[in-house]
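**Q** Those protein sequences? They're chains A and B, same order as listed.
Using this note's numbering, you'd call the opening residue of the first sequence number 1 and step up by one each time.
Using this note's numbering, you'd call the opening residue of the second sequence number 1 and step up by one each time.
For the record, the hints were derived by calculation from the structure and aren't laboratory data.
Some clues are possibly wrong.
[As the list claims (entries may be wrong)] Which residues of chain B face chain A? A partial, calculated answer using Cβ under 10 Å:
| no. | residue |
| --- | --- |
| 1 | T10 |
| 2 | Q46 |
| 3 | P49 |
| 4 | G53 |
| 5 | A246 |
| 6 | Q259 |
| 7 | K291 |
| 8 | G324 |
| 9 | T333 |
| 10 | S339 |
| 11 | L346 |
| 12 | I358 |
| 13 | P392 |
| 14 | G529 |
| 15 | V533 |
| 16 | D541 |
Every residue, glycine too, gets a C-beta built ideally from N, C-alpha and C.
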Amino acid sequence: MIPDPMLEWLGLPVAGSAHAADVDRVMALVHWLMLVLFVGWSLFFAYVLVRFRRKAHPAASHHGLRGRWSSWIEGGVLAAEVVLLAFFSIPVWSSRVDAFPSERASTVVRVVAEQFAWNVHYPGPDGRFGRTDITLIGPANPLGLDRSDPAARDDITTINQLNVPVNRPVIVHLSSKDMVHSFTLPQMRVKQDAIPGVPQPVWFTPTETGEWEIACSQLCGLGHYRMRGFYAVQRQADFDAWLVSEAALLAEP
Amino acid sequence: MAPLKYLYSTDHKVIGLLYGFTSLCFLLVGFVLVIVIRWQLAFPGQPVPYVAGLLGAANAPGGIVLPEFYNQLGAMHGTIMVFLGVVPLAVGAFGNYLVPLQIGAPDMAFPRLNLASYWFYAAGGAIMLASFFLPGGAANNGWTSYAPLSDLAPGHGQTFWLLGMLFIIFSSLLGALNFITTIVQLRAPGLTWFRLPFFVWAQFVTAFLLLLAFPALQAAALLQGMDRLAGSSFFLPSGLAVSGQALDVAGGGNALLWQHLFWFLGHPEVYVLILPAMGIAAEVIANNTRKPLWGYRVMVYSVFVLGFLSFVVWAHHMFLTGMGTAISAFFQTTTMIISIPSVVILSSLILSLYGGSIRFTTPMLFALAFLPMFGIGGLTGLPLGLATTDIPLHDTNYVVGHFHYLVAPGTIFALFAGIYHWFPRITGRMMNDVLGRIHFAGSLICMNVIFLPMFVQGLAGVNRRLWDGGAEYAHAQGVLHFNVPMSIAAFGLAFFQLFFIVNLFMSIRYGRRVDTNPWEATTLEWNTGTAPVRVYRDPYDYSVPGAKADFTPQYERAEA
Numbered sequence: 001m002i003p004d005p006m007l008e009w010l011g012l013p014v015a016g017s018a019h020a021a022d023v024d025r026v027m028a029l030v031h032w033l034m035l036v037l038f039v040g041w042s043l044f045f046a047y048v049l050v051r052f053r054r055k056a057h058p059a060a061s062h063h064g065l066r067g068r069w070s071s072w073i074e075g076g077v078l079a080a081e082v083v084l085l086a087f088f089s090i091p092v093w094s095s096r097v098d099a100f101p102s103e104r105a106s107t108v109v110r111v112v113a114e115q116f117a118w119n120v121h122y123p124g125p126d127g128r129f130g131r132t133d134i135t136l137i138g139p140a141n142p143l144g145l146d147r148s149d150p151a152a153r154d155d156i157t158t159i160n161q162l163n164v165p166v167n168r169p170v171i172v173h174l175s176s177k178d179m180v181h182s183f184t185l186p187q188m189r190v191k192q193d194a195i196p197g198v199p200q201p202v203w204f205t206p207t208e209t210g211e212w213e214i215a216c217s218q219l220c221g222l223g224h225y226r227m228r229g230f231y232a233v234q235r236q237a238d239f240d241a242w243l244v245s246e247a248a249l250l251a252e253p
Numbered sequence: 001m002a003p004l005k006y007l008y009s010t011d012h013k014v015i016g017l018l019y020g021f022t023s024l025c026f027l028l029v030g031f032v033l034v035i036v037i038r039w040q041l042a043f044p045g046q047p048v049p050y051v052a053g054l055l056g057a058a059n060a061p062g063g064i065v066l067p068e069f070y071n072q073l074g075a076m077h078g079t080i081m082v083f084l085g086v087v088p089l090a091v092g093a094f095g096n097y098l099v100p101l102q103i104g105a106p107d108m109a110f111p112r113l114n115l116a117s118y119w120f121y122a123a124g125g126a127i128m129l130a131s132f133f134l135p136g137g138a139a140n141n142g143w144t145s146y147a148p149l150s151d152l153a154p155g156h157g158q159t160f161w162l163l164g165m166l167f168i169i170f171s172s173l174l175g176a177l178n179f180i181t182t183i184v185q186l187r188a189p190g191l192t193w194f195r196l197p198f199f200v201w202a203q204f205v206t207a208f209l210l211l212l213a214f215p216a217l218q219a220a221a222l223l224q225g226m227d228r229l230a231g232s233s234f235f236l237p238s239g240l241a242v243s244g245q246a247l248d249v250a251g252g253g254n255a256l257l258w259q260h261l262f263w264f265l266g267h268p269e270v271y272v273l274i275l276p277a278m279g280i281a282a283e284v285i286a287n288n289t290r291k292p293l294w295g296y297r298v299m300v301y302s303v304f305v306l307g308f309l310s311f312v313v314w315a316h317h318m319f320l321t322g323m324g325t326a327i328s329a330f331f332q333t334t335t336m337i338i339s340i341p342s343v344v345i346l347s348s349l350i351l352s353l354y355g356g357s358i359r360f361t362t363p364m365l366f367a368l369a370f371l372p373m374f375g376i377g378g379l380t381g382l383p384l385g386l387a388t389t390d391i392p393l394h395d396t397n398y399v400v401g402h403f404h405y406l407v408a409p410g411t412i413f414a415l416f417a418g419i420y421h422w423f424p425r426i427t428g429r430m431m432n433d434v435l436g437r438i439h440f441a442g443s444l445i446c447m448n449v450i451f452l453p454m455f456v457q458g459l460a461g462v463n464r465r466l467w468d469g470g471a472e473y474a475h476a477q478g479v480l481h482f483n484v485p486m487s488i489a490a491f492g493l494a495f496f497q498l499f500f501i502v503n504l505f506m507s508i509r510y511g512r513r514v515d516t517n518p519w520e521a522t523t524l525e526w527n528t529g530t531a532p533v534r535v536y537r538d539p540y541d542y543s544v545p546g547a548k549a550d551f552t553p554q555y556e557r558a559e560a
């Protein structure tokens, strides 16, 4: 397949997830449509400004343009939009929100946003998230995790550091403790508002290994600009080793 | 000279001028705020030169803008520009001054209501300005005031914002009722609906949008005010923990509800900004091409479709709040559909140029530039209106570039066109042409240097509303360098507005005197005779074959 030059011109971040190419394809197509319309209109615009300036055309025509070809162009715009909607945008969106992978086959993690940090919560080897309670929230326990809950004993928590293995779906259960935040992984083409009281899942399958940043995209207060986290897409073995090292930290008093 | 006479006059022309002067002042205030923002974005954390002392030690110690203050500047720039600048200028000033004249009415239907509407607006504006001087300063939660951030914001800035909005909305509602009644009831004999100038149609639909959309925010502002003052929890869910402390509120509310109520106003509001501008551009273009608008009827139908559809697209601002396929498909589809009447109007205006005899007057230059600038703004709305491409672009600088192209070199250019065009109607004098052309060329270049790079930054993933412009983020590093030329262009834009300000005041006294219809226009506002008018023809009878001049005014009886 010939690479689409538009993708290069747009300068999007690295496409690091399975669905990134689908999103980018729609992005390139829309921008082609915009470019064609803008160039077409501009050429016509420049032509009429020169051709019908007062000096060149002293007496205006009362009727002006005749013919129906403008309707054809408007119809063409409509048709292009219908194609973009029906064959690209709606199906891609549907695959994002309707086709969640099974939790068994995925890396499942909770991300809890707060002013101005991302709390990350892994269920640990038992695959079950421990109970949380807002009354337990404190400086050392930003999630309010109840360590007396058996399911919580092996849970791993980090702040501003999300690690996931490559080529395996990741399901992030997203929520917020305080304000509206927006969980953004630019290279994964993931952005999801974290709204208090409205927990949301979001999923993606990373296909590139690397270390990037989590961004907050929704104004959440004076520290919004520095609500930056980090995420790493690792090979499975590295990810497993990381989990082991985090679990070892847990065992320390 | 008794200034009080003007402050309490119920004459629609005087009220229009009051609106015009006040809203231009607010546009200047909103612009000054963004100058400070642009300094901070180009030179994050460096002291603001020259005016540091004016910013206040609590906001900018040593001239360095604090993040809290930066957020105040952002929220108040948006609020002031939209609600106190552009809308009052487009509707309050142009609408009040021109609609009764263009329909041959003696005044607005309810002159005292009209004056009340101005004073509610002025009061709302005063409250907004006063909020800067409160301890803790003005509202700093974005012009969208998303809950819970705005519910829980300390200080009184947000409360003042809500109070100011209540006044402004009340003013808009009074104005909207007045416009609708006036246009329905007070048209001159012979002025049938399809003989109305397009500007009047645009104002008519705008009035319905104001009337039907604003109450949603009126209600929402009251509810948020209750949350802030009376301990209710309309927008506060249970289980909130702020700064590591469980929050002592009743809870049970819904933060998302605010967003729905806000955008149910917010999106029609976009068309409140745009429709009057389209109306002004249409008037100026018809006059300066010396031919009728192409597809006048289709344009009128399109304005109506725009008006109706603008009420069913609001949630395209909220694709990433957790929307399923069905709802997102609905809002994507309505958003794509609403682009069609916009395309029709813009195309009709461009096609109107074909066959014309184009005079490049200063108002015409602004009206012409409005077309491609508005075009860029409209086209860049497409990837934001498709939910899939909204994922990477949502809340980035791409969005900022998109709506600024619509409103700044779009709507505001049309408003400038209107000021240059109708200035002789108001004062009997022309504005200076050389100063006008410098103002135009400088503004056009600067606007594009400011806003075009925003698309590049947004595509690279740089978010909006960041105190340091995104300097923390690795993915922003490749496009941050644009911020310096963008900000220099913003300062340049300020410089070129001086030409306008000087021109405006100088021309009131020293402008070239002209006759009553210097542009040789056809619509009724240029008929300054005292006899009651009667309308005999379509609004744009320019270059009618066989007519004695290249314009035949609406009030001129058909030749026997």
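**Q** Against the structure, test the hints numbered earlier, and report the numbers of the ones violated in rising order.
**A** 1, 2, 3, 4, 14 and 15
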